[in-house]
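Trainee: Produce the complete structure using the sequences and hints provided.
Protein sequences, first through last, are from chains A and B. Mind the numbering: the first sequence is residues 1 to 248 in our numbering, read in order. Mind the numbering: the second sequence is residues 1 to 267 in our numbering, read in order.
In short, the hints are calculated from the structure, not lab data. What you were told as hints is all true, and nothing was included just to trick you.
Computed list of lysine-lysine pairs in DSSO-like fashion (alpha-carbon distance at most 27 Å, straight line):
#1 Lys117(A) to Lys168(A)
#2 Lys71(A) to Lys59(A)
#3 Lys147(B) to Lys59(A)
#4 Lys59(A) to Lys77(B)
#5 Lys10(A) to Lys212(A)
#6 Lys147(B) to Lys78(A)
#7 Lys59(A) to Lys78(B)
#8 Lys170(B) to Lys59(A)
#9 Lys67(A) to Lys33(A)
#10 Lys147(B) to Lys141(A)
#11 Lys117(A) to Lys213(B)
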Amino acid sequence: MNSNNNILVKLNNAGFRQSEKWLVEGVSLTVEKGKIVTLIGPNGSGKSTTAKIALGIYKNIEGSVEKYTTKVGYVPQKISIDWTLPIRVHDFMLLTETIEDSAIDEALSLTGVIHLKNKNLGSLSGGEFQRVLIARAISKKPELLVLDEPVQGVDYTGEIALYELIKKISDTLNCGILLISHDLHMVMTATDHVVCLNGHVCCSGSPLDVAKNNEYKALFGEKASQILTTYEHKHDHVHSDQGEIKKN
Amino acid sequence: MFDDFFIRALVAGIGIAFVTGPLGCFVVWRRLSYFGDTLSHSALLGVTMAYTFDLNIAISVFLISSVIALILIQLQKKTNLPGDALLGLLAHSSLAVGLVVIGFLTFIRFDIMGLLFGDILAVTTDDLLVIWTGGALILIVLKLIWKPLLASTVNYELAEAEGLNPDRAKAIFTILMAAVIAISIKMVGLLLITGMLIIPAAMARNISDSPQKMVLFSIIGGLLSVILGLYSSLEFNTSSGPSIIAAALILFILSLFKIKQSIKLKN
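Mentor: Here is the structure:
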């Protein structure tokens with residue numbers, strides 16, 4: 001049984017291997033109600049893979065995942081929709097769950113795309129589509145929200161507003177959020193727990209702890225820990241083709 | 001009232017159109033037209049089996065098509081051949097084996113043309129029962145898996161992440177495909193069943209802006225094709241399958257004008 005009723009999903013030493021190559025290994029983390037856990041790390045460090053492990057999309061994983069909720073909202077990083085299917089924003093909002101029209105309108109208004117409700121999904125721009133994806137994920141009032149770079153392609157002012165919205169959702173709905181973000185400022189100000197990945201967990205803890213951590217500094221650069229905005233990283237190790245870690 | 005062969009054919013065709021409409025939409029959306037071909041070609045084996053062992057044609061076609069679908073899934077997992085090559089392999093080899101077996105069954109007189117292109121004279125009152133009960137079952141099951149199937153058609157990972165079990169929906173849909181082929185083989189013929197699935201759905205795509213509308217227009221298109229096709233089949237003494245498909249093609253061509261209009265409106 002679940003000893004702590006606040007836990008939504010728990011990864012125990014989880015990893016995933018695709019054609020003999022580890023995409024990510026040894027990840028342990030817990031997402032609780034009302035908390036935001038953020039995954040950071042360079043490209044190819046296994047952030048999206050970790051999210052998919054938590055969501056149960058990958059089946060043959062190492063370690064284990066304990067999931068205590070079925071009310072899940074997901075914003076994938078990449079979504080390719082086949083346009084042979086005629087589908088409007090309104091139909092897309094109802095894709096995985098039947099929700100009330102008022103809830104659809106509310107979610108679309110929150111992300112600022114209510115005027116697109118009857119537009120064909122294929123006619124949206126990248127940023128508009130991203131806002132629709134976020135609206136769809138929050139409209140079903142999930143207990144667990146998994147956001148994989150949710151604001152990619154959104155304009156600068158929209159980006160700030162959407163991050164504020166995400167923070168607000170976590171407070172008002174009391175849902176747990178697993179966030180993947182490159183915006184270190186957002187990560188440091190709104191997140192409860194940071195996991196820094198690089199094929200494995202480099203370090204984790206509160207944003208401040210992580211910022212002070214030497215491995216984080218090595219990965220993101222000295223400046224990132226000072227002003228938390230520069231995105232620059234050096235590795236203290238390299239990965240072989242098999243995913244093994246070799247110290248420099 | 002089913003004494004007249006033409007009334008029987010009409011009632012059968014209408015029943016088939018109600019089922020091929022929605023299923024055809026998924027065939028178009030999921031790019032399964034070649035898969036449909038493979039299953040329907042393998043149906044010839046099912047027909048020979050029905051004659052050899054004196055079984056109901058629809059049931060034996062359904063069984064053989066389901067087995068071929070299972071073999072396909074296993075081959076996809078175990079070989080490195082691309083999907084379309086495997087489909088072609090199964091489609092043509094099962095058609096060939098079916099024709100070879102027919103060659104050996106010299107004691108039965110086969111109407112090969114009727115098998116390949118459909119025969120309105122062949123529809124019996126029993127067939128009507130199979131088509132309408134089978135069709136109703138197919139539609140009920142499709143309604144039950146509609147949400148996960150549509151969601152995973154849009155995006156597999158979204159459906160899986162949000163707990164809709166897309167793999168199960170896909171497996172059930174494969175069985176429904178085998179079932180629709182089984183009930184329409186006598187009427188449309190095994191070479192043209194995929195046309196009955198795809199052409200009304202393609203026509204509907206041209207004039208719809210939502211999945212539900214596309215399903216509705218696809219059914220209407222199928223019904224019109226069956227009615228027009230069967231009347232012309234009677235009038236000109238042509239095979240029922242090609243007549244129905246030709247009627248569907250005419251509707252598709254008409255739907256292209258609607259696209260032209262909407263492009264004009266946009267400009």
